Structures are given as C-alpha cells and as structure tokens.
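Engineer: These are the residues of each chain, in order.
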Amino acid sequence: MKYLCLVYYQESEIGQMSADAWDTLNSECLAYGETIAKSGHRLGGEALEPTHTATTVRVRNGRVSTTDGPFAETKEQLAGFYFIEAENLDDAIEVAAGIPPARLGSIEIRPVRQLSRSGNTR
Amino acid sequence: MPQQDTQQIRDTVDAIYRAESRRVLATLIRLLGDFDLAEEALHEAFRAAIKQWPDDGVPANPRAWLVSTGRFKAVDEMRRTARFDPLDDAVAERLAGEAGDMSTLMDDELEDDRLRLIFTCCHPALPSDAQVALTLREVCGLTTEEIARAFLTAAPTLAQRIVRAKNKIKVARIPYEVPERDALAQRLDNVLRVIYLVFNEGYSASSGASLTRSDLSEEAIRLGRLLVELLPEPEAMGLLALMLLQESRRAARASPDGELILLDAQDRSLWNRAMIAEGTQLMTRALMSRRFGPYTLQAAIACVHAEASEPGATDWAEIVGLYDLLLRIEPSPVVELNRAVAVAMRDGPAAGLGLIDALLARGDLADYHLAHAARADFCRRLGRTGEAREAYERALALTQVEPERRFLQGRLNELAH
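So the sequences go chain by chain: A and B. Just so we're aligned, residue 1 is where the first sequence starts under the numbering used here, counting upward by one. Just so we're aligned, residue 1 is where the second sequence starts under the numbering used here, counting upward by one.
Just so you know, the hints here were simulated from the structure itself, not pulled from any lab data. Any given hint could be a false lead.
[To be verified] Using 35 Å as the maximum straight-line C-alpha spacing, the simulated DSBU-like pairs for lysine-lysine come out as follows:
no.	chain 1	residue 1	chain 2	residue 2
1	B	Lys73	B	Lys51
2	B	Lys51	B	Lys170
3	A	Lys38	A	Lys2
4	B	Lys51	A	Lys75
5	A	Lys2	B	Lys170
6	A	Lys2	A	Lys75
None of the values given here were measured: they were computed from a predicted structure.
Take the sequences, apply the hints, and build the full model.
Structural biologist: Rendered as structure tokens:
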C-alpha cells in the first residue's frame, strides 16, 4: 500500500527560528529521508518553498484563472497530487490547468525547495 | 578636463538615466536572469559612466554601452563571490561565454525586453498590490518611498511587498517573456487592469484629504503610451483613450479649495482639448479594429460627454446604447448603475429610480456609496425628500474621501431648507 505523508507547520514559527535551528531542522530532514530510503519506505518526497510563492489555478467555463497564494477554498479537501517537471511557472500553469478537477476545485502549484545542510532559505 | 565640461557630462548622464535607465534595466534582467542583480548592475554601469565619460567622451550608443558595462560588472562581481557559491560560478561562466559584443544589440530586442518587464511585473501569479508596486518600481522607476506615499502605505510594508514579489519571480520561476498568442489576450487584460488601477488611484484617491494624486495618473498615462507603442492592441489603445478623456477633465472636476464638481456642473472651457482630441482619435482607431472591449467602450462613452458643449447637449440615447453594449461584453453591477443614471437622463428620474431599486434589492451594490448617492439624487428630483435624505446619509456613511463627504453633506443641508 502506498501512502502520502503531508507535512504542515506554521510558517510564522519557522520565520522566528534562528538560522542555525532552521539549518539543523533541514539537516534532520535530509537524514530522515536517508533513513527511510534505507528501510525501503521512501518513494519520493521534497520540501516546498513557502506559501507566498504559491499559485492557484482554476478552470471555469473553459477559462483559466490564475491567482497568487494557496487559496483553496476551506470547503475544498485535498484529493490528489501530480509531481511535475516544467520549464517555468507559465508551463506549470498550463499543465495544472489541464488536470481535470481544475474545473471543479483548484490546483495549487508550489515550487520544490532544495534541502541543504546550511544556508537554507525561508 | 575643465569643470564646466564635467558638469555638462553629468547633465548628459542624468538625461540618459531618465531616458534609458528602464530600457537598460529591462535588458539586464533578461541577460542576468535576476531583478536584484540587474538593478545592482544598472547602478554600477551608471557609476562607471560618470567616472569614464568625462575622459573618454560619451559613447556613440550609450544604451548599448550601459548594457554591456552593466553585464560585465555583474559577471565580474559573480566571479569574485563565486568561491562561496558554485552555482553562481556556473552562471558567471555561462554569461561570460555568451557572445559579448553589445554594440550589435538590436533596438527591437531591447523594446521586447521592456514588454517582457511589463508582463512579468503584471503576472497574475503575483498579488495584485504587488503587481502595481512592482510595475511602478521597475517599469516607471519610482522609488519605494514615492510609491508608498502615493498609496498611503508605510514604506517598509511596500518594500517588503516588492521583495516578496521579486522572490516569487525567482523561486517560482515566473518567466521573463511576452506570453504566446493564445495566452496573450488574458495576460494583456491583467496588464491593462494594473495600469488602470494606478490611474484610478491618482484620479480618485480611495481615501485621504486630496481628491486626486495626479502624479499617479500621469505615470499611468505614460505606461499606457508605452504599451500602445510596444503592443498596439485595440484595448491598449482603448485604455489610453479612456485615461486621456478622463484626465482631460481634471482641472474642471475640483474647485480651487478642493470641492468635488460633478460633470454637469463643470466649466467645460477648462477641459483639456488636446487630450480629448488624442483620446478620441485612439478610441476611434480601437473601435474600427472590431476587436475592441470594455475600455474602448468606456472611452466611447467619455467621448460622447466630451463632444457636448453643455450638459443639455449630451446625447444620452447614444450613451445608453453604449452601456447596453458594455453590459453585453462585461456584465457588472457598477455598469448597470451607470446605465441607470444615463436612462434617468434620457427618460427622467422615475425610470432611473426603478432600475436602481431593482439593483439594490439584489444586494450587489448595498455598500457602494455612489449607488445610494444616485438614488438620493433621483428621489430629490422627484420631490421625495425623506427618502432622498435617508439615501444621502447612507452614502455619507460609506465613503472616506473628504471632498465626496463634503459634497454629500452639502446636498443634505440643501434638503433641510
């Protein structure tokens, strides 16, 4: 059986962390990724850039609407995910707009963030 | 070199900065792939110009010289700091490896860069207020402080907005491109919306003591002109026409002490005829393309007003017809309200009141002060004083702009007599 583990935290709390504490947390994430890879659990996984880099795509009446931010309606629930490679945000928006449920709900696009042992961005 | 010549060169550099800095920046952003690096490179290039031009003379093509120098300085800087970041090193090598002769830069290419910059700053994946701030900062070259003052925002808040927007452009990889043909129409709508937002903020400030902040309107018109020059689409012309026709009434729409003067009471000799002529010509060109949209139609309505030598000569039937067209392509309660006012002018206040009451009953405009102000006006003209007073009071409670408040209070006082 495959499972998706979603990671949630308050960005404001992360923002208040010292740079060292933040780098330590990122190092722990890298190490844990290796641990579960060795144990055979890891299929994939990435950190994400913060929510202000998110873009939400909806298609209504055949028209694509693009807005800033992770503004899924609170009444909408997570239903699935696509992990894509795209040339740039416009390319990603085009792919996202083609996802059939974009006509019903919304698709949130978030860039992947590279974890590193030091100098992590927030 | 004599002191006088040095001063002359400085003046030349200043003039070139005003005329060329945005073009040079737009190209540097493309070449360096980063807003902050490009801004730094732009300043380095002008610093070098001030230092070198007094001895070497002003180059034949200052624009190409500045782009070339800016890029060279940026690559140099990247190489210097590269030992800390191998990724930058790779970028620096790639940049240095590209064909380096900037004198061959085509002017067409540079103009494309300005358009790229506009579309990137107005990308719909950026927050709306950030699109406005970024456009004024990067395309118009206003300082953060100037933008903050114009929008009555604290400078640090505005600076943060711009930093975040640039960060999103970089991290989410918003492309530095003019959208392809099929996406162009929708993206152009957004660019026009941003320009019109800037114009309206200058034309009728949303709060504060002064009715207009004319600098923003001028900036918006400048942007509109630039866009028409770079991308002569009918709606871009329509928007420029609309802004010019509205701006033409600026001197007439407020009294010397800042009181609001409505269209029918304005001194029409104060209307700027040159702007009206230019606006009318642009509007006509846009209409003839048959690919026009809401901005062109609004410009056409403004044009009908401009053609009337006195309020009584206004062709209200024509205006109602244009509103009907506008409602068909872009239905909105505010357009319905404006149409109701035009209908009242054509058929009398009772006809207008019926339309407005139906609109208010739907609840769309319940919190829009101008809907209540229009209702108050119709009731006043129909002699329904009690209802008029109630509606004026409702309108008064809904607006924060001082001259509008004084105007409504004045009407209320008249009713009391």
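Engineer: Going straight from one Cα to the other, do Lys2/A and Lys75/A come out at no more than 35 Å?
Structural biologist: This hinted pair holds, its Cα atoms lying about 26 Å apart.
Engineer: With a cut-off of 35 Å on the C-alpha distance, tell me whether Lys51/B and Lys170/B pass.
Structural biologist: The given pair, whose Cα atoms are some 32 Å apart, holds under the 35 Å limit.
Engineer: Below or equal to 35 Å on CA atoms is what counts here, so check Lys2/A against Lys170/B.
Structural biologist: This hinted pair holds, its Cα atoms lying about 34 Å apart.
Engineer: Hinted pair, alpha-carbon criterion (35 Å max): Lys73/B, Lys51/B. Please report holds or violated.
Structural biologist: holds, 14 Å
Engineer: Hint check: Lys38/A vs Lys2/A, CA-CA at most 35 Å. Holds or violated?
Structural biologist: holds, 17 Å
Engineer: Below or equal to 35 Å on CA atoms is what counts here, so check Lys51/B against Lys75/A.
Structural biologist: violated, 61 Å
In this structure, only the earlier hint numbered 4 is contradicted, and the remaining ones agree with it.
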